[in-house]
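> Line order of the protein sequences matches chains A and B. Residue numbering for the first sequence follows the working numbering, beginning at 1 and increasing consecutively. Residue numbering for the second sequence follows the working numbering, beginning at 1001 and increasing consecutively.
A hint or two may mislead.
In silico negatives: residues of chain A with every beta carbon more than 10 Å from chain B [what the hints assert, rightly or not]:
no.	residue
1	Gly60
2	Ser238
3	Leu241
Selected chain B positions facing chain A (Cβ under 8 Å, derived; list incomplete) [said to hold, decoys possible]:
no.	residue
4	Asn1006
5	Phe1061
6	Ala1140
Don't read these hints as lab results, they were simulated from the structure. All C-beta atoms, glycine included, are put in the ideal place defined by N, C-alpha and C.
Listed here are the chains, written in short residue letters.
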Amino acid sequence: MGTISSALSLMSQALNADQAALNVVANNVANASTPGYTEETPTWQENDPILINGVSTGTGATETGATSQRDRVLEERLNQQQQLASASGSRLTALDSIQALFTPDSGSSSSTAGDIGSDITSFFDSFSSLEAKPTDGSLRDAVLSSASTLAVDISNAAKSLNAQRSALDQQTTGVASQVNALTGAIAQLNTQIQSISPNADAGTLEDQRQLDLSQLSRLVGINQSSTEHNGLEITTTSGQLLVSDGSNYQLTSGNVGGVTHFFVGATDATSQLASGGGSLGGDLTARDTDIPNALASLDQLAYSVSTQVNSLNNAGTDANGATGTAVASSTTGAKTLDIFSPPTTLVANTTSGGDDVSGAAAAMSVVMSDSSLVSAASLGQGTGDGSNATAMANLANQTIVDGQTPSNFYSNFVSTLGSTVSNVQTENTAQTASVTQLQTQNDALSSVNLNDEASAMTTLERSYQAASQVFTMLNTMMNSALNLGVETAVA
Amino acid sequence: MRVDPNYLTTLSTALDQSQLNLQQMTSEASSGVRVTSLGQDPVASGENVLLLNQIQQDDSFTESSSLVTGQLQVADSALGSVVSQLTQAISLATSANNGTMNSSDVKSISSQISGILGEVTTLANTSYQGQYIFAGGQTATAPFSTSTAISPAVTTYSGDQDINYLQMPNGGKIQLNVPGDRIFMGGGSNSVFAALNNLVADYASGAVDTSKAVSDTDALGTALNYVSQQRVTIDNSITHLTAASSVVGSEQTQLTAAQSSLMQADFAQVSTQMSLDATQQTALEDVIAELGSSSNSLFSKLQ
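Construct the entire structure; sequences and hints are all you get.
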């Protein structure tokens, strides 16, 4: 049997519950713009009924707390896409800087400066002109000046690439400390979450943890797996352990061979991190793959052109009737009629055979200052002979650079680089679109929707009004019961 | 059904993208170039390098051929003068051989032929822009000199047999010179100088040994024909060069057209795209302004 006083206490409970629920709504509205905040809904719990004299009576409801609206799977999916998009985004930024060094020559006469392809052609053409009039001083000067333009453009491009490599290296060094800060924070949150709410969603703490995870994903590629009691284990994409429940493992960096390498514990994880994702992955790929490839091509071009031209020039007769040093072309050391600076250290590349040509592009320069030393004439011929100039001009059509003519080699280099950029651009566009889509889905679920909050608030307000009306009614009834029908002024 | 309350952020990202597109179109229109970076069209960028290479080679050949034409024409006119000098020498020798002249006339013919020899030697030592063109590869020194120490005098050649060629861009080559000894001292009865020196010696004393003089005159005639033949080589080179220049010139025009259509912006397309982008941008701005200003949540209605 219910009593009026038990009904009164039921109503006051209801009022408390409504107030608590309104708090949750107010909290949502206050945090509507907080990053990482997920919308909370109040949880209503019916109280157990009591049995008095065989009659079951309800005991109202309580508000037991707020539940975050979150989908862990969706958030993990979003983080994974974010890793990929960050990686391709940072790689694309680096590639844009690289390709800016090789802007295609549009063909109008004012824009040929700085284009290596045009420089190669001009250089070999200067020998073609020389073969017609081998003794002409201005044509000889033109040979040296076009050689100089070629050497300067190639060495500048190589130096710029080296500078970009250093800049990327600097960028990656800062990432290790950021990663460690985040993994430390996540480990602490793990401990807190596991002690406070091991079996249910941890609300605000979980929001923070997910925010940290999202930021970590942008930096490095990670895999995450839940452990017991709402804990979290994080590894890099290739399996190095970063966080395990309450403990985190530092990502350290060190200088190996002039660039920064990253270690987890004692393992050098750099190459795995490069393919793992995140902005670190993108930067490492650009630093360790894209830039070295471009440099290697330039080195090959510089080395082949320099050594072939030097050999031929030394094998001819210059305008003074002198001939050059006849040394086998694979030996280092200066010869008397070198046009380009000879390679100073030639290390045999034991893995792939042949010579290691790295550094040839950055060091390329013209060492000949007197144009009368250009050997237009062949060995033993008079100074009016132009056949050696013809031979040097014909180098343009011989496969002297890695099995291709110099122009073909440069053309292939340029289209390969362009294709790489184009591919990464396409990937990045697709991944960014995917991230946007997932972000939209996630926001639809977890972001604070002000309309929902407004309608929830209205409902709670009405329910509060109803409860207080019932309370007033019960108070009047109680008053009547106390006064047993006698009308008084007591309210 | 759930709705993303942050859709305005997506719209502003779209606005950024459309502004970027508009910027790109504007820079394409102002510079006139379609491919401004390798990633935009990698295949075209590679093609472009090869086309420019070919165009520049053609251009260089055109310049070289105009340089060389002057030299060839000088050689041709020098040989033309040599032919007329030799013709005159032959007529002088013939008149001396017919037996109607007296001793002093014969001696004067000897000195006239000696004068012709000097002329021919000067012509054989023609230089063009400081280089001796009939000296083979030894162009720094005059190739022909005559020593009168003995009689008949001896003309010696100090050049060599080197021949220079000009390569053509599509293969093939053009001969740029004929060595002096081949023209003027062609071996045996083809030697101009031997014939002239002999004739000078024949008429020097005033008495004519008719049979020897006649055979020397015939030798001069043979040498004259030989010079004319060598002249043909030079003339062929000039013709060849002119023909090659015009072929190369028209190839260069075609290649330039191909390269332009590869790399230059298509203005019709660019301006259409620009107007589309501008329209899209205006539309997005209007939408954002409208949505941002109007009350878009229930709260504003709950007064």
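> Hint by hint, which ones does the structure fall short of?
As far as the earlier hints go, not one is violated by this structure.
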